[in-house]
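There are 2 protein chains.
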Amino acid sequence: MELFAVPDLPEVRPGDDLAELVEERVDLRPDDVVCVASTVVSKAEGRHADLDDFPAGPRAREIAATLEELAGEEKDPRFAQAVLEESTDLVMEAPFLLTETRFGHVGVNAGIDRSNVADADLLLLPKRPSESAERIRAGLSADRVVVTDTCGRPFRHGQRGVAIGWAGMPASRDWRGEHDRDGREMGVTVQSVVDELAAAANLVAGEGAGGTPVVVARGFEFGDLGGSDNLYRDLDGDFVRQALRGWSFDG
Amino acid sequence: MELFAVPDLPEVRPGDDLAELVEERVDLRPDDVVCVASTVVSKAEGRHADLDDFPAGPRAREIAATLEELAGEEKDPRFAQAVLEESTDLVMEAPFLLTETRFGHVGVNAGIDRSNVADADLLLLPKRPSESAERIRAGLSADRVVVTDTCGRPFRHGQRGVAIGWAGMPASRDWRGEHDRDGREMGVTVQSVVDELAAAANLVAGEGAGGTPVVVARGFEFGDLGGSDNLYRDLDGDFVRQALRGWSFDG
Ligand SMILES: Nc1nc2c(ncn2[C@@H]2O[C@H](COP(=O)(O)OP(=O)(O)O)[C@@H](O)[C@H]2O)c(=O)[nH]1
Ligand SMILES: Nc1nc2c(ncn2[C@@H]2O[C@H](COP(=O)(O)OP(=O)(O)O)[C@@H](O)[C@H]2O)c(=O)[nH]1
Ligand SMILES: [Mn+2]
Ligand SMILES: [Mn+2]
Ligand SMILES: [Mn+2]
Ligand SMILES: [Mn+2]
Numbered sequence: 001m002e003l004f005a006v007p008d009l010p011e012v013r014p015g016d017d018l019a020e021l022v023e024e025r026v027d028l029r030p031d032d033v034v035c036v037a038s039t040v041v042s043k044a045e046g047r048h049a050d051l052d053d054f055p056a057g058p059r060a061r062e063i064a065a066t067l068e069e070l071a072g073e074e075k076d077p078r079f080a081q082a083v084l085e086e087s088t089d090l091v092m093e094a095p096f097l098l099t100e101t102r103f104g105h106v107g108v109n110a111g112i113d114r115s116n117v118a119d120a121d122l123l124l125l126p127k128r129p130s131e132s133a134e135r136i137r138a139g140l141s142a143d144r145v146v147v148t149d150t151c152g153r154p155f156r157h158g159q160r161g162v163a164i165g166w167a168g169m170p171a172s173r174d175w176r177g178e179h180d181r182d183g184r185e186m187g188v189t190v191q192s193v194v195d196e197l198a199a200a201a202n203l204v205a206g207e208g209a210g211g212t213p214v215v216v217a218r219g220f221e222f223g224d225l226g227g228s229d230n231l232y233r234d235l236d237g238d239f240v241r242q243a244l245r246g247w248s249f250d251g
Numbered sequence: 001m002e003l004f005a006v007p008d009l010p011e012v013r014p015g016d017d018l019a020e021l022v023e024e025r026v027d028l029r030p031d032d033v034v035c036v037a038s039t040v041v042s043k044a045e046g047r048h049a050d051l052d053d054f055p056a057g058p059r060a061r062e063i064a065a066t067l068e069e070l071a072g073e074e075k076d077p078r079f080a081q082a083v084l085e086e087s088t089d090l091v092m093e094a095p096f097l098l099t100e101t102r103f104g105h106v107g108v109n110a111g112i113d114r115s116n117v118a119d120a121d122l123l124l125l126p127k128r129p130s131e132s133a134e135r136i137r138a139g140l141s142a143d144r145v146v147v148t149d150t151c152g153r154p155f156r157h158g159q160r161g162v163a164i165g166w167a168g169m170p171a172s173r174d175w176r177g178e179h180d181r182d183g184r185e186m187g188v189t190v191q192s193v194v195d196e197l198a199a200a201a202n203l204v205a206g207e208g209a210g211g212t213p214v215v216v217a218r219g220f221e222f223g224d225l226g227g228s229d230n231l232y233r234d235l236d237g238d239f240v241r242q243a244l245r246g247w248s249f250d251g
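First to last, the protein sequences are chains F and E. For the first sequence, the working numbering begins at 1 and goes up steadily by one. For the second sequence, the working numbering begins at 1 and goes up steadily by one.
Rather than coming from a laboratory, the hints here were simulated on the basis of the structure. Only a predicted model underlies this, so the values are computations on that prediction, with no experimental measurement involved. Ideal placement from N, C-alpha and C gives every residue a C-beta, glycine not left out. Honestly, I wouldn't trust all of these hints.
Simulated restraints on C-beta separations [said to hold, decoys possible]:
#1 E/E24 to F/D89: 45 to 55 angstroms
#2 E/D52 to F/E85: 56 to 66 angstroms
#3 F/D27 to E/A120: 41 to 51 angstroms
#4 F/S228 to E/D182: 37 to 47 angstroms
#5 E/P10 to F/A71: 52 to 62 angstroms
#6 E/D236 to F/E62: 19 to 29 angstroms
Among chain F residues calculated to face chain E with C-beta under 8 angstroms, some are [unchecked claim]:
#7 T150
#8 R160
#9 V193
#10 N202
#11 L235
#12 F239
#13 A243
Think about it this way: if two alpha-carbon atoms lie no more than 20 angstroms apart in a straight line, the pair counts; the simulated SDA-like pairs of lysine to any residue are [unchecked claim]:
#14 E/K75 to F/R184
#15 E/K75 to F/M186
#16 F/K127 to F/L84
#17 F/K75 to E/G187
#18 F/K127 to F/N109
#19 E/K127 to E/D16
#20 E/K127 to E/M186
#21 E/K75 to F/E185
#22 F/K75 to E/R184
#23 E/K75 to E/A49
#24 E/K127 to E/R13
#25 F/K75 to E/V188
#26 F/K75 to E/E185
#27 E/K75 to E/D53
#28 E/K75 to F/G187
#29 E/K75 to F/V188
#30 F/K127 to F/G104
#31 F/K75 to E/D53
#32 F/K75 to F/E93
#33 E/K127 to E/E185
This is chain F alone, in the form it adopts within the complex:
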């Protein structure tokens, strides 16, 4: 398997056709997986926003006041408002905002970026990243697309690339029912290949000014196992979310 960045991509602007920008720069093969940073998907979709677009309601003001006190630095209640409007569930309020976005992804600040954004205060995540992936895919000579973001996680420091949208392949590869080297049937292993592809792509894309938001993964063989698009846990099956529900930060 090989991973390479699409070279010389310009600053992406609202209305840009990402598929076309990629096709002009690389010769794709049908079985390539094109991994696209959500940042440029959002830019192409015009998901820029300004803080003034989010006049803060009482809940946002309350949250910002708490965060301000904890951080000892000013927190803009309009930012909290933006996060609330981008979210369908509040997973954690302090010491940072962790929410579920409308498409099921749990992330800090609903994935709203203030980095690598030109001419606007904020960049919101794509509204429905798997639909974005499908749209991009339709314009590509490659059959598979993954939309990525960079996220932190419990238990481990640091961030890594994850998938927030995908098209042309299932999110996971299901090993259940397969047999291991010793003939034992595997009972639980469902490999989240879109997340692994996103992580791999992130190694090449980087997080800074590199200008390489699109990475092609060539030679990834999904194989003939089954798969599923069920990537995001709901509250019922997520004990961490249940635990966070009954918890509050006490300093």
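Assemble chain E with the ligands onto chain F, guided by the hints.
Relative to the frame of chain F, chain E with the ligands by itself:
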């Protein structure tokens, strides 16, 4: 960047020299990252165990009884005992055992495998995987080694490869203080490159009978950013662990 599996590796046995097995099969370059599944590190280190090695104490019997009731199927208290003995902290007791291993990694059942294990009931994780990585590295003509495992996570279904040990490189690449495309200084981004390498390697290694526990990542450039080996959160900095502390499963 390129990823390829080391071909034709045999079943690994206690005492085997993994570095030698790899060197015999591929021409490594100094800047390759050799990603080794913990399974074979454990096998080489003789971390096989039998359930009889773990006579269950009262705590393990209590845990197994709870899990048995919840699962509606028999649970061996000796397995719970093995998990307890491999752990320094119990993060979650039900509906499954999530613990911190002695080297800081949080995983289900302390990472003890019952899959891909020949001639023993259990395979325990390496005692100190970063020391294992360093030992393997010493015998290789490549300068960097990552020891991987397959793990689940909160918020998302499925499992993906993570690093549990590494040598010759820091665990993370620190982008803080760097400037993004718009000249904005990045405040939080610490990229967990060893986890991303482990995830990438896992795409090639697979989870089944493939027989490809070692994957070479060629052409990964760490660059000249700083880094850190601080991969595992401690309780203080991990709100999810704090929340799980005060939580118990109620069916
Ligand atoms: N060429 C180009 N690169 C961009 C643009 N926006 C971001 N990038 C690059 O895309 C990569 C990922 O950026 P990042 O902010 O981490 O995106 P995220 O992980 O999706 O939030 C980095 O290499 C950035 O320099 C853009 O508009 N054009
Ligand atoms: N050649 C060889 N392959 C093995 C051996 N043990 C496991 N594998 C392979 O290593 C890969 C990873 O195995 P897995 O059980 O998922 O390891 P883990 O992720 O470290 O728990 C799969 O391709 C297995 O078939 C072994 O002793 N020899
Ligand atoms: Mn982002
Ligand atoms: Mn990023
Ligand atoms: Mn394992
Ligand atoms: Mn595995």
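Verification of the supplied hints:
1. E/E24 to F/D89: 45 to 55 angstroms: holds (53 angstroms)
2. E/D52 to F/E85: 56 to 66 angstroms: holds (58 angstroms)
3. F/D27 to E/A120: 41 to 51 angstroms: holds (50 angstroms)
4. F/S228 to E/D182: 37 to 47 angstroms: Roughly 38 angstroms apart at Cβ, these two residues keep to the hinted range, so it holds.
5. E/P10 to F/A71: 52 to 62 angstroms: At roughly 55 angstroms between Cβ atoms, F/A71 and E/P10 fall inside 52 to 62 angstroms, so the hint holds.
6. E/D236 to F/E62: 19 to 29 angstroms: Holds: the Cβ-Cβ distance is about 26 angstroms, inside 19 to 29 angstroms.
7. T150: holds (7 angstroms)
8. R160: holds (5 angstroms)
9. V193: Result: holds, 6 angstroms to nearest chain E Cβ.
10. N202: At 6 angstroms from the nearest chain E Cβ, F/N202 passes the 8 angstroms test, so the hint holds.
11. L235: This hint is violated: F/L235 lies away from chain E, its Cβ roughly 11 angstroms from the closest one there, beyond 8 angstroms.
12. F239: holds (7 angstroms)
13. A243: holds (4 angstroms)
14. E/K75 to F/R184: The hint holds at about 18 angstroms.
15. E/K75 to F/M186: holds (17 angstroms)
16. F/K127 to F/L84: holds (14 angstroms)
17. F/K75 to E/G187: holds (15 angstroms)
18. F/K127 to F/N109: holds (15 angstroms)
19. E/K127 to E/D16: holds (17 angstroms)
20. E/K127 to E/M186: Given that 20 angstroms is the threshold and the Cα spacing comes to 36 angstroms, the pair is violated.
21. E/K75 to F/E185: Holds, because 18 angstroms separates the two Cα atoms, which is no more than 20 angstroms.
22. F/K75 to E/R184: holds (18 angstroms)
23. E/K75 to E/A49: holds (17 angstroms)
24. E/K127 to E/R13: Holds. E/K127 to E/R13 sits at ~17 angstroms (cutoff 20 angstroms).
25. F/K75 to E/V188: holds (16 angstroms)
26. F/K75 to E/E185: It holds: about 18 angstroms lies between the C-alpha atoms, which stays within 20 angstroms.
27. E/K75 to E/D53: holds (16 angstroms)
28. E/K75 to F/G187: holds (15 angstroms)
29. E/K75 to F/V188: holds (16 angstroms)
30. F/K127 to F/G104: holds (11 angstroms)
31. F/K75 to E/D53: Judged against 20 angstroms, a Cα distance of about 55 angstroms means the pair is violated.
32. F/K75 to F/E93: holds (13 angstroms)
33. E/K127 to E/E185: Violated: E/K127 and E/E185 sit about 40 angstroms apart, past 20 angstroms.
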